[in-house]
Amino acid sequence: MQLVRRFLPLVIGIYLLLFFGPLAGFDFFRIVGEIYNKPSLLLQQLINGLANGSIVAIVALGYTLVYGIIELVNFAHGDVFMLGAFMALTVIGATGVTETSTASEKLTAALLAGAAAIIFCGVINVIIERFAYRRLRNAPRLAPLISAIGVSFIVQNIGLFWGGLRSFFPIMGVNSAAPKAFPDLIGRVDVFKDWFGLDLPITLSTKELMVIVVAAALMVGLRLLVQYTKIGKAMRATAENRDAAKIMGIDIDRVISFTFLLGGALAGAAGLMFGLYNNTVVFTMGFTGGLRAFTSAVLGGIGNITGAMFGGILIGLLAAFSDQYFSSRWTNAWVFAILVTVMVFRPTGLMGENVGQKA
Amino acid sequence: MLELKDVHTYYGNIHALKGISLNVQKGEIVTLIGSNGAGKTTTLRTIQGLIHARHGSITLEGEELTKIPAHQVTMRGVSQSPEGRLIFPRMTVLENLEMGAFTRKDKDGIKSDLERVFTVFPRLKERIKQTGGTLSGGEQQMLAIGRALMANPRVLLLDEPSMGLAPILVEQIFNIIGELNKQGTTILLVEQNARMALSIAHRGYVLQTGTIRLQGSATNLQEDDEVRKTYLGEH
Ligand SMILES: Nc1ncnc2c1ncn2[C@@H]1O[C@H](COP(=O)(O)OP(=O)(O)OP(=O)(O)O)[C@@H](O)[C@H]1O
Ligand SMILES: [Mg+2]
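Keeping their order, the protein sequence lines are chains U and X. Residues in the first sequence are numbered from 1 upward in steps of one, following my numbering. Residues in the second sequence are numbered from 1 upward in steps of one, following my numbering.
Just so you know, these hints were derived from the structure itself, not from any lab. Careful: at least some of the hints might be erroneous.
[What the hints assert, rightly or not] Below are the SDA-like pairs computed for lysine to any residue, each with C-alpha atoms no more than 25 Å apart in a straight line:
1) K129(X) - L225(U)
2) K107(X) - D251(U)
3) K26(X) - P153(X)
4) K111(X) - T229(U)
5) K111(X) - I231(U)
Since this is a predicted model, take the numbers as computed values, not measurements.
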């Protein structure tokens, strides 16, 4: 009886999925057939998903860092990510590199764009915290949340305005709201074939490799910073108990500013990576990308750094799988269906712990 | 050394401290006793700068502490084991203790203070890698006191160190407080357990609804009729 009750929802769930799933692209038997006929395609989608998921994960870190420390869902974070992409595009436009420039010119431009986007987004994020959130730190939770939504709209409109400055930045193109072409500075060289001479049915392009390697380095770096440095320990202390952190002699205003700096810098790096990988940016990308990143952070257990990384990669993989085998129209629906399902059974997320402020 | 003059603290409209004046001299243990809601914790939080006094002044060896933020108060030599312990639940015992020394730069001093904490609380040494949240209540109390000691403070504030401890541990903690004082630490001790507090303190203040009701040497307070009736439970 106990067993039946436990597994009944699962059985009903599977039944519903098999029955109604095809309406949203989930046709179990067709998908199994496709995977069986061409397994390499599945592997290929894993690689694509890993690359996309890595970018999502880097953005998700910004949500989770801020939430961890002041329990605010910083809705403007996705839009700061968009500004990062715009900054990178602007700098690349200013350097004048094109897809036919030499490798070293491209590398210099990409590094410059990265540095500019990282610094710019870090500083913007600090300013946002200082003016839109700090005064509301002890206000009811809803107040800073509304403020964050407001900032999100403002930043989005800054993106729209920026995208229309074609007389200053010709690279922005003619229409301020339209997607902008982001120069393909890396190109699609197949690592397996062209570097190692392997003839595999799947490809790993230099772009994907760049995204995955840079994202992994950023994540490892962040992990080490939070675990071992003095400022990292101050961040953890502030997150765990703000009053106790003050008693330890920690200037929590500075720690919170630093957290926003860090989150913004990561968003800036992600903005550049997104542009280089997808070769198109648009002022609304912060909203859609931010929503997915936020979902990842929640999925992994918001406030938990490792959780955000896994959540991002999981969502990237899921989205790639859905794009290939379900239908890209339904991808968002599937992503959120998974989120809802996980939340129902594990409200703290996959890796969330239930340790409150009070020990 | 530490001096409060006519300190008034508010929580919104609630007038929690209504003009507190007290002082702690170098090398003393001074205790602050009073019933629930008298304002003892508020006094310690005001000294630390976690809340700011609306009127009055707080000085440490003549230096103004009244308006500066909490972390700067700590840097000037005030540390405390707060009410509720407020240890960092996901950090290990060692990390918690290291956080206590956050503002210090003297590596050797930190190391010897860590040794001292482990001598005083051998239990903490046994549990060095355990996270704070998984310690027992008594162990957390030891950790909170140990963490405050790691700041090597000029004045140590203790908010009900006997809270939630078994009688034998209470005795032990008070012995340790006396010992720390003999080694030169100046202490302001807040306690519900007036009997124990007065037994180790040099002087005491009795707080009642935000005002100092009585003050004097510990011996005088122990013999005071009102204190005996209200705080020592004698008839
Ligand atoms: N955050 C707060 N907001 C409003 N009122 C508060 C707050 N904290 C304390 N008070 C009030 O201030 C008064 C003094 O509280 P305080 O915590 O200093 O008492 P206490 O002497 O430490 O008591 P206890 O022995 O119970 O710890 C109480 O009436 C309390 O209700
Ligand atoms: Mg109290």
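Right, here's what the structure says about each hint:
Only pairs whose Cα atoms come within 25 Å are accepted, and K129(X) paired with L225(U) is accepted, the gap being roughly 20 Å. As the CA atoms of K107(X) and D251(U) are separated by approximately 21 Å, the hinted pair is consistent with the 25 Å bound. Simply put, K26(X) and P153(X) have alpha-carbon atoms about 12 Å apart, close enough for the 25 Å limit, and the pair holds. Restraint check for K111(X) and T229(U): satisfied, since their Cα atoms lie roughly 18 Å apart, inside the 25 Å limit.
Only pairs whose Cα atoms come within 25 Å are accepted, and K111(X) paired with I231(U) is accepted, the gap being roughly 20 Å.
Consistency note: the structure conflicts with none of the earlier hints.
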